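Here is what each chain is made of, one letter per residue.
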Amino acid sequence: MIKFKDNKRNCKKNWRVLKFSEENGFMNMAIDEAILNARIKGLVPNTLRFYSWNPSCISIGYFQSVEKEVDLEKAKDLGVNVVRRITGGGAVFHEKELTYSIFLSEKDASRDIVESYRNVCSGIIYGLGFLGLNAEFKPINDIIVDNKKISGNAQTRRDGVILQHGTILLDVDVKKMFSLLKVPDEKIKDKLISSVEERVTSLKKILGKDIKPEVLRELLINGFEQAFNAHFEERELTKFEIELAKKLFKEKYSKKYWNFLR
Amino acid sequence: MLIKKQIDYKVSGGKLIRIDALIDEANHKIIKDIKITGDFFIIPESAIFEIEKLIEGKKLKEKEFSALIKTLKEFTKKNNIQLIGFCVEDIINALRDLSKKQSANVL
Numbered sequence: 000m001i002k003f004k005d006n007k008r009n010c011k012k013n014w015r016v017l018k019f020s021e022e023n024g025f026m027n028m029a030i031d032e033a034i035l036n037a038r039i040k041g042l043v044p045n046t047l048r049f050y051s052w053n054p055s056c057i058s059i060g061y062f063q064s065v066e067k068e069v070d071l072e073k074a075k076d077l078g079v080n081v082v083r084r085i086t087g088g089g090a091v092f093h094e095k096e097l098t099y100s101i102f103l104s105e106k107d108a109s110r111d112i113v114e115s116y117r118n119v120c121s122g123i124i125y126g127l128g129f130l131g132l133n134a135e136f137k138p139i140n141d142i143i144v145d146n147k148k149i150s151g152n153a154q155t156r157r158d159g160v161i162l163q164h165g166t167i168l169l170d171v172d173v174k175k176m177f178s179l180l181k182v183p184d185e186k187i188k189d190k191l192i193s194s195v196e197e198r199v200t201s202l203k204k205i206l207g208k209d210i211k212p213e214v215l216r217e218l219l220i221n222g223f224e225q226a227f228n229a230h231f232e233e234r235e236l237t238k239f240e241i242e243l244a245k246k247l248f249k250e251k252y253s254k255k256y257w258n259f260l261r
Numbered sequence: 000m001l002i003k004k005q006i007d008y009k010v011s012g013g014k015l016i017r018i019d020a021l022i023d024e025a026n027h028k029i030i031k032d033i034k035i036t037g038d039f040f041i042i043p044e045s046a047i048f049e050i051e052k053l054i055e056g057k058k059l060k061e062k063e064f065s066a067l068i069k070t071l072k073e074f075t076k077k078n079n080i081q082l083i084g085f086c087v088e089d090i091i092n093a094l095r096d097l098s099k100k101q102s103a104n105v106l
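Protein sequences, first through last, are from chains G and X. Under numbering that gives the first Met the number 0, read the first sequence as residues 0 to 261, first letter to last. Under numbering that gives the first Met the number 0, read the second sequence as residues 0 to 106, first letter to last.
By construction, these hints were calculated from the structure, which means they are not laboratory data. None of these values were measured; they are calculated from a predicted model. Where is the CB? At the ideal position from N, CA and C, for every residue including glycine. It is possible that some hints are incorrect.
What the hints assert, rightly or not - Where chain G lies over chain X, by a calculated footprint (3+ residues, C-beta under 8 Å):
{"#": "1", "segment": "21-33"}
{"#": "2", "segment": "39-47"}
{"#": "3", "segment": "53-63"}
What the hints assert, rightly or not - Residues from chain G that face chain X, not an exhaustive set, calculated with beta carbons under 8 Å:
{"#": "4", "residue": "64"}
{"#": "5", "residue": "159"}
{"#": "6", "residue": "241"}
{"#": "7", "residue": "243"}
{"#": "8", "residue": "245"}
{"#": "9", "residue": "257"}
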């Protein structure tokens, strides 16, 4: 019986989780792309990363127009960075939240893209379950609690590897968010703010108290272990990843050509 | 005479397709330039530039749309391009709305 249990443990896939890090938005996106490349080359195992953004940052989806989505002058005034992601999806204001990224071989998730969103989001749903939350996946790329959005996610695939990153809201300031994001019709801005305030929630709102990102990270690691029947070993970025991230930061994510691509 | 036109098209399910285009009104409404932006997903992402190129040069006219649907569907199928959160028909519906919209700026 004991032997059987040991065997079962050995069968668990050994994946990597990186230490929590806080970087600026350009470096955060550079690190995500560097890990994706390292995973494609087979230099690293499937990897999970948790991070936050300092200074606060708006990330926009690959297909979005930066000038149409963001009040760039306001962002400059508030010291908020703006960066384009390699993934599609919408604009996100990264403040008072925990961001994750996961890098998986396509073989470890569903071939179908929306189903694979569900696969990855189930790690977060299990993790939030440890806090007593009954979170649900809402296709295409959201996680909701009591029908309110708590997490948005975005995915891309390259050469057999999935990159999915997303955020879990610890707290939310919709008014500040909409002072930075442009809305289609200024006349209905106040109405839009109250409707978004109704449709979005945060862990602080639900739990009635702050939760530390480090604590949430531990719960989510357990959640991902459960979702993928994997064991995560805490490790550092490799030298290859660090060097590539620095290069991508310098040559891509901090550059106008990339952030103003569309 | 080039006319600048813009339309926001909301796909059922929530994603937004925003089209900015330059239309040659005097010359059969030929689409001279198009940019499709929004919060949708395409894998691989770079395919958006090819999709835009396939639309450029076509006429912004109802009778052209079914051929354009065919062209875009063939292109995405052949190159294994996945549109998530919208489909080829949504792009065409956005173009249809654009064609009906009164012009914004004359260049």
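Tested hints:
For the segment 21-33 of chain X, the proposed coverage by chain G is not satisfied: 0 residues have a C-beta within less than 8 Å of a C-beta in that chain, short of the threshold of three. Given a C-beta distance limit of less than 8 Å, the hint that chain G covers the segment 39-47 of chain X holds, as 7 residues qualify and 3 suffice. Check on the segment 53-63 of chain X: 0 of its residues sit with their Cβ under 8 Å from a Cβ of chain G, so the three-residue criterion for coverage is violated. At a threshold of 8 Å, the smallest CB-CB gap from residue 64 (chain G) to chain X is about 4 Å, leaving the interface hint in force.
A hinted interface residue such as residue 159 (chain G) counts as satisfied when its beta carbon comes closer than 8 Å to some beta carbon of chain X; here the least separation is about 13 Å, so the hint is violated. Annotation: interface hint on residue 241 (chain G) violated; nearest CB of chain X at approximately 25 Å, more than 8 Å. Because the beta carbon of residue 243 (chain G) sits about 19 Å from the nearest beta carbon in chain X, more than 8 Å, this interface hint is broken. Hint on residue 245 (chain G) is violated. Least Cβ distance to chain X is approximately 23 Å, over the 8 Å limit.
This hint is violated: residue 257 (chain G) has a C-beta 12 Å from the nearest C-beta of chain X, more than the 8 Å allowed.
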